[in-house]
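**Student:** Chains as they are written, first to last, in this note's numbering: chain A, 1252 to 1785; chain B, 1115 to 1464.
Keep in mind that the hints were calculated from the coordinates and are not lab data.
Hints are supplied without guarantee of correctness; some may be wrong.
Claimed, not checked - Reference excerpt, derived from the structure (chain A facing chain B, CB under 10 Å, subset only):
{"#": "1", "residue": "W1321"}
{"#": "2", "residue": "L1339"}
{"#": "3", "residue": "N1381"}
Said to hold, decoys possible - The calculated lysine-lysine pairs, modelled on DSS-like cross-linking and capped at a C-alpha distance of 27 Å, are:
{"#": "4", "chain 1": "B", "residue 1": "K1338", "chain 2": "A", "residue 2": "K1253"}
{"#": "5", "chain 1": "A", "residue 1": "K1698", "chain 2": "A", "residue 2": "K1481"}
{"#": "6", "chain 1": "A", "residue 1": "K1280", "chain 2": "B", "residue 2": "K1259"}
{"#": "7", "chain 1": "B", "residue 1": "K1337", "chain 2": "A", "residue 2": "K1732"}
{"#": "8", "chain 1": "A", "residue 1": "K1267", "chain 2": "B", "residue 2": "K1338"}
{"#": "9", "chain 1": "A", "residue 1": "K1253", "chain 2": "B", "residue 2": "K1122"}
{"#": "10", "chain 1": "B", "residue 1": "K1122", "chain 2": "A", "residue 2": "K1267"}
{"#": "11", "chain 1": "B", "residue 1": "K1277", "chain 2": "A", "residue 2": "K1267"}
{"#": "12", "chain 1": "B", "residue 1": "K1277", "chain 2": "A", "residue 2": "K1277"}
All C-beta atoms in this analysis are idealised placements derived from N, C-alpha and C, irrespective of residue type, glycine included.
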Amino acid sequence: MKNFSDLYLALDQTNKTNEKVEAMVKYFKEATAADAAWAIYFLSGRKPRQIIPTAKLRMWAAEISEIPDWLFELSYDAVGDLGETIALLLPDTTATGSELPLAYWVENRTVPLRGLDESEQREAVAQAWNELDANERFIWNKLVTGSFRVGVSQLLVVRALAQVSGIEKEIIAHRLMGSWSPNADFYLNLLEASSKDADLSRPYPFHLAHQLDFPLEDLGDIRDWQAEWKWDGIRAQLIRRSGESFLWSRGEDLVSERFPEITTASFTLPDGTVLDGEILPWKDDEVMAFAQLQRRIGRKTVGKKLLEEVPVVLLCYDLLEFGCEDFRQRELRERRAKLIEILDNLPEDVRKTLIYYPVVEAKNWQELSKIRDESRSRRVEGFMLKRLASPFRVGRPRGDWWKWKIDPLTIDAVMIYAQRGTGKRASLYTDYTFAVWNNGELVPFAKAYSGLTDKEIRRVDRFVRDNTLETFGPVRSVTPKLVFELGFEGIQKSTRHKSGVAVRFPRILRWRDDKKIEDADSLDAIHQMLEAEN
Amino acid sequence: MRLIKPTKRGLYVEPGDFYIDPWLPVERAVLTHAHADHTYRGSKNYLVSKEGERLFRTRLYNEGNIETISYGKSKTINGVKVSLHPAGHVLGSAQVRVEYKGEVWVASGDYKLTFDPTCAQFEPVKCHAFITEATFGLPIYRWTKPEILFEEVNDWWRGNVEKGKATVIFAYSLGKAQRIMKSVDASIGKIFTHGAVERLTRDYRETGVEFPPTKYVGEVSDKKEFAGSLVIAPPSAQDTPWTRRFGAQSTGFASGWMRIRGARRRRAVDRGIILSDHADWDELLTAINATEAEQIWVTHGSIDILVRYLKSIGKDARPLETKFVGDAPESEMAKDEEENQQRINADDAN
Chain A
1252 MKNFSDLYLA LDQTNKTNEK VEAMVKYFKE ATAADAAWAI YFLSGRKPRQ IIPTAKLRMW
1312 AAEISEIPDW LFELSYDAVG DLGETIALLL PDTTATGSEL PLAYWVENRT VPLRGLDESE
1372 QREAVAQAWN ELDANERFIW NKLVTGSFRV GVSQLLVVRA LAQVSGIEKE IIAHRLMGSW
1432 SPNADFYLNL LEASSKDADL SRPYPFHLAH QLDFPLEDLG DIRDWQAEWK WDGIRAQLIR
1492 RSGESFLWSR GEDLVSERFP EITTASFTLP DGTVLDGEIL PWKDDEVMAF AQLQRRIGRK
1552 TVGKKLLEEV PVVLLCYDLL EFGCEDFRQR ELRERRAKLI EILDNLPEDV RKTLIYYPVV
1612 EAKNWQELSK IRDESRSRRV EGFMLKRLAS PFRVGRPRGD WWKWKIDPLT IDAVMIYAQR
1672 GTGKRASLYT DYTFAVWNNG ELVPFAKAYS GLTDKEIRRV DRFVRDNTLE TFGPVRSVTP
1732 KLVFELGFEG IQKSTRHKSG VAVRFPRILR WRDDKKIEDA DSLDAIHQML EAEN
Chain B
1115 MRLIKPTKRG LYVEPGDFYI DPWLPVERAV LTHAHADHTY RGSKNYLVSK EGERLFRTRL
1175 YNEGNIETIS YGKSKTINGV KVSLHPAGHV LGSAQVRVEY KGEVWVASGD YKLTFDPTCA
1235 QFEPVKCHAF ITEATFGLPI YRWTKPEILF EEVNDWWRGN VEKGKATVIF AYSLGKAQRI
1295 MKSVDASIGK IFTHGAVERL TRDYRETGVE FPPTKYVGEV SDKKEFAGSL VIAPPSAQDT
1355 PWTRRFGAQS TGFASGWMRI RGARRRRAVD RGIILSDHAD WDELLTAINA TEAEQIWVTH
1415 GSIDILVRYL KSIGKDARPL ETKFVGDAPE SEMAKDEEEN QQRINADDAN
């Protein structure tokens, strides 16, 4: 456990990616295969279900720390993280770090707690706290509550493992996808030189794109590029191998059961086929609003009524595997031609669910820019620009694929409420509610909490504390004084909001300290936007 | 009788007609310590501790009539007996004891009980009413023993020496910076200082506090000198072009707030060094008990929380509202930053 907590500290204490990779390499070199497997499991964001309800942990921690419950809760408010709060409150121990391996702590001291009765659990937890030092307690608390997170991307873990094993990053990334059990065998197979991967369900890593951040013309000749509408749904991969189907979302969730129409349609795909595409709510040959798709997200099983109201399709972009052969290194133009051939040969009813959309043709960049203006009315986010000769790469490389999104809608609004953040931003006022004018009154219209620099956040935090009018629990109302430019992607009528509208992806674009509150926008302006939108 | 009351100018001792740490100009002020949020310019007469004289004169630009008094000695102002007692916060920091018609009140100012080699150790003063700060008034705040903490800092510094990196610590320029330079193992490497730090350290030295040799960064012509050295700078210097001259570097931020991981991460430094010149939770309770006061007035920080806790253990505790805004952890840093920013600008102009 000590090595793992040292690794956690090393990762937590630096924001330089090279040092993070270095720390992981050091850990993997020293760790047993079983420990390494668990470490990968946790580092790549996987976690076991919560083992002990947090309410019980809170209670026991307060008892052992000999502080009243209310003081525990206020401490938690200030820290913003339960596992850390407990670690900070528990009495100091003489423990200097457990030499017992991570696998032991997970398999023998953590997972089995689930089967114990409450008094046995309490005793086991107290005993664990007693044997661990402050950092290990923090980490163990996170394991027990199923809330372990660390600031490394999957990509960095892959880089470290590639460095340790000498195996290509792409292969490691591929082997890490899908579902697997963290044990010594898994780790040994992961670093196995042979590339015969048996796991049928395994998707390929997604090829992602950056937002275009230079003039369009610098991309060169438009004839080397393919422009696709950028759809606003769930990016997904559909796998058909050995008579089985798997639908993976980009978050690496297996979502086959949530979208049964896509899974059923996939039964007709030739064996050994993998498609890259977007899950979209689709009716009468038209994409529906994202809000409709949200009704289906998060439901494990979908009722008949909802299936009828919000049918989905997989709008296919790319072909990653065909005839059991990895197609990713072939050129996009070849992959796309083959993709269309496959889809066109499917039975007619299936072609309603596994669909493709024509690429956008334009003679030059200027013409393409013009067409982009249709984005909002088409309910898309702009274009994806892909080089026709590009392979399907891993991660978010620059060069071949670009997002070319339309500018967000913007509004100048006044901050009227502030709330403390959680996690990284706990104890600072970082979540704000914004208002616009309506008949001489400020009406709340959106909440947003991103887009400011740390320095700006500290300044706003100070403003909030110095200008509080009232407090309601965690929320403070403040003197209306600060004006911010907010950006959002879409706007819809809403009966649930006082302002009568709901916006999508609201975020702070910048702090307008050059503006007075009188200069903020009005609700009328927003309603005009709404009309223009629909 | 309320011997010390909050007013819009600061804490006021009515029968003596003087203020403690006033933030607006007054006729007569008694100061607890030389941090900018306690020592304001513009008053006519100041009474300060002998030990802090140089720092106070620097902070006050030597303006006004500045009278000094040694710890433990008393002076009578309009019939009120006043004396200063070590608060252990920074050099020259004092608790103010006032006595009138047999009633004794003590205003703590800022204080800590942890050992600090740069200033006199906190002394509990028996009183009827004690005004305590509560900056870190939550049980999550418990400081590491300085000897363990500085061993960790030394290890980190040594590691950086091996990698050829400079070690850059951001810490308040008055108090914490000096505490660090006096507590680290100076045999590891050279110590360089930011202008704001160097100037105040000079005041410390002239008062008689000894330090390992330090050198003002601005006097270094060969940047190679910084590799393996320790640089001490105020928080506002973080992420400014000023730090580029050190080349490869590992950065640390010294503050009690660093006890919380979120605060550490927000600071975006390589190391959070949990070092405070304020009392932690246990020290607050120890200090309050030691005064044997019947009445506890809580100001500055987690006021409501400490009051509620003290009441729950049977004490007569009340909030004392002052200009200081409650529960304002990182705003405090912002304040220090603004102050130091002015100093940096002044430094850059030089």
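**Student:** Which numbered hints are broken by the structure, listed smallest first?
**Tutor:** 3, 4, 6, 7, 9, 10
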